[in-house]
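Asks: Whole structure, please, built from the sequences with the hints as guidance.
This is what each chain is made of:
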Amino acid sequence: MNNILYVDLTERSSKVIERPDLFSKYLGGPGIASKLLIEETKPGTDPFSPKSSIIFAAGYLVGIFPCMVKAVAMFKSPLTKNLGESYSGGHLASALRFAGYGALVVHGASENPVMIKIVDDDVKVERADSLWGLSPLNVEKTLRGHYEGIQSVMSCGRAGEGLINYGNVIVDRFHHFGRLGLGAIFGSKKLKAISINGTGEIPLEDPLAVKEMYEKLYDEVINSENMLKYHYLGTSANVLELNERGTLPSRNFKESRFRGAERISGEAMAESSLERKISCPGCPVACIHLAELKTGFAPEHEKGRKEIFPEKVLVPYNYEPMYALGSNLLVHEPSHLLRLIYRCEYLGLDAMMVGTVLAWVTEAFEEGLINLDDTSGIEPRWSDVGAYLQIINNIVDLKNPFYTKLAQGLDVASEKYGGEEFAMIMGRNGLAGYTTGYGSIVGQLVGARHSHLSNSGYSIDQRALDQPIGPDQIAKFLINQEDWLYVLYSLGTCYFARKIYTKEVVCAVLKIMGIDQTPEGLMQLGKEIFHNLYRFKIQEGFELTEEKIPSRVYSMQTPQKKLDAEKMESIIKYYIHKRESEGLQLRPEEKALKELLSFEG
Amino acid sequence: MRFRIEVVHPERCIGCYSCVYACSRHLFNTVDPSRTAVFLRIEGSITNPFIPVTCRFCKTPECAEACPKNALQPLPEGGIMLITSRCQGCETFDCITACAIRALALDKKTKLPVICDKCGDCAKYCPHNVFKYEEMK
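Residue numbers (my numbering), protein chains in the order written: chain A, 21 to 621; chain B, 4 to 140.
Hints in this document: simulated from the structure, not taken from any laboratory. The structure presented is a predicted model; accordingly, all values stated were derived computationally and were not measured. Treat each hint with caution, since some may be false.
[What the hints assert, rightly or not] Heads up, simulated DSBU-like pairs for lysine-lysine below, C-alpha to C-alpha not over 35 Å straight-line:
1. A:K231 with B:K127
2. A:K593 with A:K496
3. B:K135 with A:K297
4. A:K236 with A:K593
Replies: Structure (C-alpha cells):
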C-alpha cells in the first residue's frame with residue numbers, strides 16, 4: 021500500500037518508491053494525490069507539456085470494507101488551466117491495490133501512441149499505434165484479458181487524442197474520470213490506455229475484527245433506505261424529484277421545470293430501456309444503470325436488404341447526463357437522450373460539459389450571436405438531436421474556427437462570440453443540474469474542483485426550504501462538508517455511502533486498521549487536504565474573488581425565488597473569512613489588507 | 004451436516020465481488036481476489052454478463068482423476084477433499100487444468116489448490132441471491 025509506481029513515458033521506464041511517511045498521514049486517494057501533485061508540478065506548468073504529471077491514487081480502505089471503491093486522478097486541467105481532480109469507480113482502485121500500489125504517477129510524454137500495461141510488479145510501456153483512434157469502448161474489449169485477480173482498463177477517446185479540453189477517460193467501459201479533461205492530458209502524452217491487473221492481496225492485521233465490522237456495514241448498506249435509492253433507479257430518480265420541486269434545469273437554466281421530464285425520468289427509463297445494473301468491486305449496491313439503445317442498422321450495412329433486427333448497445337445513464345443532454349436541451353425522447361450520451365461515450369467526452377456547451381450554442385444561435393457560417397450550416401435548435409450529434413462530431417473534428425473555440429471551453433467561446441451571461445460555467449467548469457439555490461451555486465464556485473460533489477451545496481438548499489438559513493450557516497456547511505468529504509474520498513468511500521460512513525463509523529473502522537483517530541482529528545486532516553489543494557490552485561493563478569458567476573444564475577427560477585446577488589456575495593464573504601481564519605490565505609495579501617483597512621475606516 | 008453451494012442465477016450477478024472477497028476473508032483471513040474458491044469471470048468485455056463460478060461438487064470429479072498423486076479424495080456426497088501431504092511439490096497442477104469450468108484455483112502462496120469448504124459465505128454476502136446454499140439430503 022505504501023508503494024508509489026512511477027511510469028515515465030519519455031524513457032519508457034518505471035520505478036517504485038515506498039512512501040510510508042505519506043500514507044501514514046494522508047491515507048490514500050486525494051490525501052496522497054494532492055501531496056504528489058504539488059511535488060510533481062512546477063508552478064505554471066503547461067497542462068499539455070511532458071512535464072505535467074498524472075497522479076492516480078486508490079482509497080485507503082478499498083477492498084476491505086463495503087462501498088470503498090474510488091480512485092482519484094489529479095492533474096493540471098487543460099479546461100480550467102488549474103487543479104484537475106476527478107474520481108472514478110469501476111475496477112481501477114481495486115486493481116491498483118491488488119497490484120500492490122497505493123498510487124500511480126505518470127510522467128513524460130511519448131512521440132508515438134503508447135499504453136501502460138501493469139500486471140502486479142510487471143510494468144511495461146508498449147506501442148499502441150493500432151489502438152489510436154479507437155473508441156474507449158473498443159479499447160476495453162481489446163485489452164480485457166483472461167487474468168486472475170482484478171483487471172481495470174481505462175482509455176481516452178478521439179476527443180482526448182485531439183486535445184479537446186473536456187475529453188474524458190473512460191474506465192472499465194461504464195465508469196469515468198469524467199470532468200476537467202484528463203482525456204486531453206492522455207492525448208497530449210500520446211497515452212492511449214492503461215491496463216492494470218492486480219492479483220496480490222490486501223493483508224488484514226486483525227481479520228476477525230474486519231469480518232465483524234464488514235458484516236455490520238454490509239447489512240446496513242443492503243438494508244438502508246439511503247442506499248436503496250441508488251440501487252433501484254439510481255440517481256436518475258432525481259429527474260422527477262427535482263422537476264416536481266422546480267429545480268431541474270431546462271432551456272439552459274432559463275427554466276426549472278421540463279415538460280418532458282416524465283418521459284426521460286428514471287422511472288420511464290427503467291420501464292423502457294433498463295437492461296442491467298452493475299457494481300464496482302467491493303460494493304453490493306449496483307448503482308450503474310445500463311440502458312439498451314436499439315437503433316436500425318445503417319443502410320450501408322445492409323447491401324440494399326432490409327434488416328428487421330436492431331443494433332443494440334449498452335449505455336450507462338444517471339442523473340447528470342440526463343439533465344445535461346436531456347432536460348437542459350429539451351430532449352424528451354429516451355432514445356434521443358441515449359444517443360447523445362452514447363456519442364459522448366464513444367468519442368470520450370465529458371457528457372456534462374457537452375450539455376453545457378450545446379445549451380450555450382443553441383441559445384447563442386437564437387440570440388444571433390453565431391450564425392450558419394459559424395456552425396457550418398447546422399441549425400442548433402432545442403431538442404434537435406440530429407443537429408446536436410453533428411455539433412458534437414464537429415467539435416471533436418475541430419471542423420472550423422468556431423468549433424475549435426468550443427473545444428477549448430465556454431470561457432474561450434463566449435469571450436469571442438459573447439453570451440457570457442448564459443455560459444453556465446464556474447471556474448470554467450460546466451454547472452451540475454440543480455437550480456436549487458445559493459448552496460448549489462456557491463458550493464460549485466468555491467469547491468476545489470468546482471463540482472456539486474465537492475461539498476453537496478445543493479443539499480443545504482433543500483433544508484433552506486423548511487427554515488431560513490443565514491449566509492454564515494451556508495458558508496459553514498460548505499466548509500464542513502468539503503473537509504469531511506476529503507476524508508471519505510481519501511478512504512475510497514463512494515459519495516453515495518456517505519451516510520453509512522459517519523465520523524464515528526470511520527473512527528471505528530480506522531481503529532481496526534490500527535489507526536487511532538478522533539472525529540476532530542479527521543476533520544483536521546480533511547481541512548489540510550483541502551488547504552493543500554487550494555494552495556495549488558492559488559499557485560496556479562486561481563483567485564476566488566475574481567471568479568464570475570454567470571448572470572443567468574440571478575434570473576433562475578429557484579424554490580427560494582430569484583437569487584439575490586447581495587446575499588450570494590455575503591455567503592462568499594463569510595466563506596472567505598472563515599477559510600482565512602483557518603490560515604488559508606484566499607486573497608492576495610494586499611487585497612485582504614485593503615479590505616480590512618476600508619472596513620476599519 | 005453437509006452443505007452444498009450452487010450458482011443458480013448467474014444472470015442476476017452485478018459484478019460486486021462480495022462473494023470473492025468474502026471467500027478469501029474466510030479461507031485465508033485476507034482480501035485477495037485470486038486466493039478464492041469462488042470466481043467472478045469477465046469474458047471478452049465488461050459489457051458481457053459476469054460469470055460467477057463455484058465448485059460443482061461432481062460425483063466423479065475430473066480434478067481428482069487428473070491428480071497423479073491421488074491427493075484429491077472424492078467425497079461420497081460429491082466434491083473433493085485435499086490430502087495435503089500428497090500434494091506437496093506438485094509441478095504439473097493437472098487438477099487445475101482438468102476442471103472444465105475452471106472452478107479450482109492454485110493458491111500462489113502455498114502452491115496448493117484452493118478447495119471450497121462449503122462455508123456459504125459467498126451466498127451470505129451475495130446481494131442478489133445468485134447462489135443457493137442448502138443442506139444436502
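Asks: Taking the hints in turn, state whether each one holds.
Replies: So, going through the hints one by one against the coordinates:
Distance check on the hinted pair: K231 of chain A and K127 of chain B sit about 13 Å apart at the alpha-carbon level, within 35 Å; holds. At roughly 11 Å between alpha-carbon atoms, K593 of chain A and K496 of chain A fall within 35 Å of each other, so this suggested pair holds. Our distance criterion of 35 Å between C-alpha atoms is met by K135 of chain B and K297 of chain A, whose separation comes to about 21 Å. Between K236 of chain A and K593 of chain A the CA atoms are separated by roughly 43 Å; this puts the pair beyond 35 Å, and the hint is violated.
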